[in-house]
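Enquirer: Chain by chain, the residues run as shown.
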Amino acid sequence: MSQIESPDDNIAKDKQEKLLIDVGSTYFKLSNKTNIEQHFRDFNKSILDDLTHKCGQEIERFDKKDIHICSSANGGLSTLIIGVTHSFSLKYATNIAFNSGINIIDTILFQNIEEYSVPSDLIDVVIIVGGINSSSDNFSESLYRYLNNLTYSNVVFVGSELDVPTIKANIENVVVLPNIIDDRLHIVEDSLKAYLTNLYQQDIEGKEDIKDLYNITDNQIFSTPYVVNKTLPFIHTKYPVVNPFVLLDIGGATTDIHYSKDLVDENIVTNNEYDRLVFKKLGVYKSKQSLIFAAKNNEFVYELLMHLKVTENIFEEQSNKATKVLMQLAIFLVLCKISHYKKAYVNLKLLSVNSFVLTGGITKVLTVEEIENIVSFFYKKILNSEHNPVTVLDNNYDIWTLGAEGKERCQ
Amino acid sequence: MKVVTGVVGNDIHVVANRLIDLSLQARGYEVFNLGVNTYLEEFFDAVIETGADILLISSLNGEAEGWGREVPRLKAKYKKLDDIIMMIGGNLVVGTGNAEDIIPRYKGYGFDIVCHQVDLNTGLDSLEEMLKERNLK
Ligand code: B12
Numbered sequence: 202m203s204q205i206e207s208p209d210d211n212i213a214k215d216k217q218e219k220l221l222i223d224v225g226s227t228y229f230k231l232s233n234k235t236n237i238e239q240h241f242r243d244f245n246k247s248i249l250d251d252l253t254h255k256c257g258q259e260i261e262r263f264d265k266k267d268i269h270i271c272s273s274a275n276g277g278l279s280t281l282i283i284g285v286t287h288s289f290s291l292k293y294a295t296n297i298a299f300n301s302g303i304n305i306i307d308t309i310l311f312q313n314i315e316e317y318s319v320p321s322d323l324i325d326v327v328i329i330v331g332g333i334n335s336s337s338d339n340f341s342e343s344l345y346r347y348l349n350n351l352t353y354s355n356v357v358f359v360g361s362e363l364d365v366p367t368i369k370a371n372i373e374n375v376v377v378l379p380n381i382i383d384d385r386l387h388i389v390e391d392s393l394k395a396y397l398t399n400l401y402q403q404d405i406e407g408k409e410d411i412k413d414l415y416n417i418t419d420n421q422i423f424s425t426p427y428v429v430n431k432t433l434p435f436i437h438t439k440y441p442v443v444n445p446f447v448l449l450d451i452g453g454a455t456t457d458i459h460y461s462k463d464l465v466d467e468n469i470v471t472n473n474e475y476d477r478l479v480f481k482k483l484g485v486y487k488s489k490q491s492l493i494f495a496a497k498n499n500e501f502v503y504e505l506l507m508h509l510k511v512t513e514n515i516f517e518e519q520s521n522k523a524t525k526v527l528m529q530l531a532i533f534l535v536l537c538k539i540s541h542y543k544k545a546y547v548n549l550k551l552l553s554v555n556s557f558v559l560t561g562g563i564t565k566v567l568t569v570e571e572i573e574n575i576v577s578f579f580y581k582k583i584l585n586s587e588h589n590p591v592t593v594l595d596n597n598y599d600i601w602t603l604g605a606e607g608k609e610r611c612q
Numbered sequence: 059m060k061v062v063t064g065v066v067g068n069d070i071h072v073v074a075n076r077l078i079d080l081s082l083q084a085r086g087y088e089v090f091n092l093g094v095n096t097y098l099e100e101f102f103d104a105v106i107e108t109g110a111d112i113l114l115i116s117s118l119n120g121e122a123e124g125w126g127r128e129v130p131r132l133k134a135k136y137k138k139l140d141d142i143i144m145m146i147g148g149n150l151v152v153g154t155g156n157a158e159d160i161i162p163r164y165k166g167y168g169f170d171i172v173c174h175q176v177d178l179n180t181g182l183d184s185l186e187e188m189l190k191e192r193n194l195k
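Residue numbers (this note's numbering), protein chains in the order written: chain F, 202 to 612; chain B, 59 to 195.
Don't read these hints as lab results, they were simulated from the structure. No residue lacks a Cβ here, since even glycine has one placed at the ideal position from N, Cα and C. Among the clues, some could well be false.
As the list claims (entries may be wrong) - Derived DSS-like pairs: lysine-lysine, alpha-carbon spacing no greater than 30 Å straight-line:
no., chain 1, residue 1, chain 2, residue 2
1, F, K369, B, K138
2, F, K522, F, K246
3, F, K550, B, K133
4, F, K265, F, K255
Unchecked claim - Just some of the chain F residues that point at chain B, by a computed CB distance under 8 Å:
no., residue
5, F244
6, S290
7, T308
8, Q312
9, N334
10, S337
As the list claims (entries may be wrong) - Going by beta-carbon spacing under 8 Å, a handful of chain B positions derived as facing chain F:
no., residue
11, F90
12, E100
13, D103
14, A104
15, K137
Modelling step: build the complete structure from the supplied sequences, incorporating the hints.
Expert: So this is what it looks like as structure tokens:
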């Protein structure tokens, strides 16, 4: 659907102009056709009060139907995944959860379930998966014992059809969806993805702070990573980004990574061109302490600090310089986590990356040179390589705007 | 009867793999073909997910020995693999080698049937015999 744009048209109440609002854990930003503004959140106020206090006039200019909001402020839903193997059930469910914007608390290999500790936090959704439809008895008593000790709000079974009757008989209120593993051991993502995305919606609607926001919009509030992921196939319309690329969104509380599928050797066959991955507790404000903790445990960090000509004392400082260093550290730690240097859920082929795209608050703090400095330090030190991908800064939040607009057009 | 098959490690020789898939199907097996470039953990994991009875590994390029040595350690980590029949074939050493040395060595790694440079049909016949012996067919 194409729209006719007239540049000097600044009457907001006309059909064409939209106000897009993104609420993060630390900042919120507003974007209209010509302008983007960004504000630090005031945590003594509710999100709506804070928004109307700081940008009331701007919001007033728009009809509720022309305001679109996405949010990552509620921290997202948490999940615990129980599966029977690493290569199939756990890997597939993890992939679907990440791509639905859900945070993974832990993954449990069923055969060893008795050795895992039971998390004390409330889990929003437990995912149980294992076996193709013609396999049976993938689970037993130890599953039900574990679940009895766990506090969770929802539980969904996406494993073998033959196990459904036993699962239903033993787990109260279990939701049963089609198996995510087909008879050729390939992934089938649609129904679990739809279920998790809906749960996320319900969660947003249940959170008072976010629920309030429906006072100013008639449109559904989406999760920010979901919106970003939708944008990636169109990113080249805004920036000279060369595939394959990695997009880093280093936030206040968590870090989100979106990457081209070409960067993994996985046998996962999906329709998505891009996958997503989240590092909880890796952020520069809310999760600052755990970021510093991770940094101190990384054997290369002291060399990195030396390279940046600062000392460990910088962690105690409150200054622009300290924020810059924290962000540089965050980039470095994230690169380590996704490289072959560390065995993780996915290891990306970083030597094939052509561009790094950075979005979020980081684009207001670091320059391209400062980012490239870290990236090339990482390649030299960890990968022993002179490889030098291009850095692209999304400093006008084009990615998010494009996604939010695109989303609105789809509706 | 379910069979998981594939070519182990970094090996990309695909022709045998296709033939094995077809031959097994022609003999009435339900085949789960993981293709070339498959790691040991993926083989074992596929056996768990499918509930397969037989694991048939190929190796053509000379990598087999290294992977074979890994089998006992990795297999011991699984609690549900005790009953599978494990079979390996192709070129199990670098060069021609000597079957009298090779077969016991791979049996030591935990393989029930070892087919070094053995024709596929001969190999699959010995599988049938083993199934009969064990009253599985
Ligand atoms: C074609 C070929 C290639 C192609 C493969 C293309 C492809 N994608 O399939 C290319 C050029 C890529 C290639 C590369 C290499 N190759 Co090459 N290749 C061959 C060649 C010429 C034919 C293989 C073939 O397809 N044969 C036809 C099929 C039907 O026969 P087959 O593979 O032998 O399989 C039969 C049996 O082995 C048996 N079988 C197989 N698995 C099993 C399992 C069981 C349980 C049973 C019962 C039977 C069984 O059944 C099959 C049908 O009867 C062979 C030499 C040869 N003439 O065999 C070398 C050969 C296999 N390659 C070899 C080597 C060394 C390589 C390279 C390492 C070369 C290099 N230095 O780069 C690379 C390795 C790449 C990699 N990562 O794996 C060596 C292996 C030597 C060894 N094991 O000691 C061989 C034997 C050549 C040689 N004489 O040196 N190769």
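Enquirer: So, as I understand it, the hint says S337(F) touches chain B; can you test that by seeing if any CB pair is closer than 8 Å?
Expert: Given a least distance of 7 Å, the restraint on S337(F) holds.
Enquirer: Could you grab the alpha-carbon distance between K522(F) and K246(F) and see if it respects the 30 Å cut-off?
Expert: Holds. K522(F) to K246(F) sits at ~29 Å (cutoff 30 Å).
Enquirer: Using the nearest Cβ pair, does F244(F) come within less than 8 Å of chain B?
Expert: Because about 45 Å separates F244(F) from the closest Cβ in chain B, which is outside the 8 Å limit, the hint is violated.
Enquirer: Take a quick look at whether K369(F) and K138(B) sit within 30 Å of each other, Cα to Cα.
Expert: holds (23 Å)
Enquirer: Grab the minimum C-beta distance from A104(B) to chain F and call the hint holds if it beats 8 Å, violated otherwise.
Expert: holds (6 Å)
Enquirer: Using 8 Å as the Cβ threshold, decide whether Q312(F) counts as touching chain B.
Expert: Result: holds, 5 Å to nearest chain B Cβ.
Enquirer: Answer holds if the nearest beta-carbon of chain F is closer than 8 Å to that of E100(B); otherwise answer violated.
Expert: holds (5 Å)
Enquirer: With 8 Å as the cut and Cβ atoms as the points, is D103(B) at the interface with chain F?
Expert: holds (4 Å)
Enquirer: Given S290(F) was flagged as interface, is its beta-carbon under 8 Å from a beta-carbon of chain B?
Expert: holds (7 Å)
Enquirer: Below or equal to 30 Å on CA atoms is what counts here, so check K265(F) against K255(F).
Expert: holds (18 Å)
Enquirer: Take the shortest C-beta to C-beta distance between F90(B) and chain F; is it under 8 Å?
Expert: holds (6 Å)
Enquirer: Could you check if T308(F) really has its C-beta closer than 8 Å to a C-beta on chain B?
Expert: T308(F) check fails; min Cβ-Cβ to chain B is 14 Å, beyond 8 Å.
Of the numbered hints listed earlier, those contradicted by the structure are 5, 7 and 9.
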